[in-house]
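Residue numbering for the sequence shown follows this note's numbering, beginning at -12 and increasing consecutively.
Simulated from the structure, these hints should not be mistaken for laboratory data.
Honestly, I wouldn't trust all of these hints.
Derived pair list, reagent style DSSO-like, types lysine-lysine, alpha-carbon separation capped at 30 Å [said to hold, decoys possible]:
no., residue 1, residue 2
1, K20, K74
2, K131, K84
3, K77, K20
4, K58, K71
5, K116, K190
6, K46, K58
7, K221, K83
8, K116, K221
9, K84, K221
10, K121, K134
11, K190, K134
12, K79, K20
13, K190, K121
14, K84, K20
15, K46, K20
16, K131, K121
17, K74, K84
18, K71, K84
19, K116, K131
20, K116, K20
21, K190, K221
22, K190, K74
23, K46, K62
24, K58, K79
25, K116, K134
26, K71, K20
27, K58, K20
28, K83, K71
29, K74, K62
30, K134, K74
31, K20, K83
32, K62, K20
33, K74, K46
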Amino acid sequence: MGSHRKHMDYFDDEDDETPSCPLCLDELDIPDKNFFPCTCSYQVCRFCWNRLLNDYDGKCPACRQLYDREKVSFKAIDPEEMEKIQKERKQKERIKKQQEAFLRKNMSNVRVIQRNLVYITNLPSSLTKEDVLKRYEYFGQYGKILKVVVNTSHAYNTGHPHGPSYSAYITFDRQQDALLAIQCVDAFWVDGRALRASFGTTKYCSYFLRGTSCTNSDCMYLHQLGGEHDSFTKEDMSAGKHQFHDQAHPAFLAAAAARISAKGELPKTVLPSP
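With the hints as extra help, turn the sequences into a complete structure.
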């Protein structure tokens, strides 16, 4: 993940010398850059200046003297200077697009931990139906579930005396519910095997990587940059890096413990008590 973070830091730290209006924070366009509504030379964009005149007290935010329309200064731009500014702007836009394209290309190899997504492994065949996992006596007891996806196409531990094992992804509406589910379900024994629970990961939407709008209203992939500490390359994950393991496999989570203590409840289990 080092290279991904290095690129992110490089782009984030790049100096942006483009002046902006101190009130609305919009970039000052070429006419605004040469617009000085007050004799103290404090610059605001023309839109904000008009709002100060018509909707507020008509005073300069810096020196607090009343604006005088007769003293507004507008410096004409030399044609050569105008051409230079336009070339510099186009160059900046071209570099920015190149950087964004480079970053998005590298994002295709990145997976981001989703704090409301629970990844379950070692599921017996009796628990491989989505409607079963949604029931209250199973994962429904931990909170509202948005989606369940069971991977029945890949079975493992086929030599187990009680049959093969499967995996599933369960998306909760709230992050704290996913935390509690992991806390209570991880290492719980069912059908002669210990369930393993951790946070799941997801990838970036292909539309997002191309810089276009996603057309799938139910898309569960990412459409914005994930957190740096939750982002890992597939190589990091397959190598079993400690940081990824610690982030995805929380042992005893303070948030879940606090919730349980606050309600005076004991941790629930994935199955009803015998």
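Q: Taking the numbered hints from earlier one at a time, note which ones the structure violates and give those numbers from smallest to largest.
A: Numbers 2, 20, 22, 24, 30, 33, in rising order.
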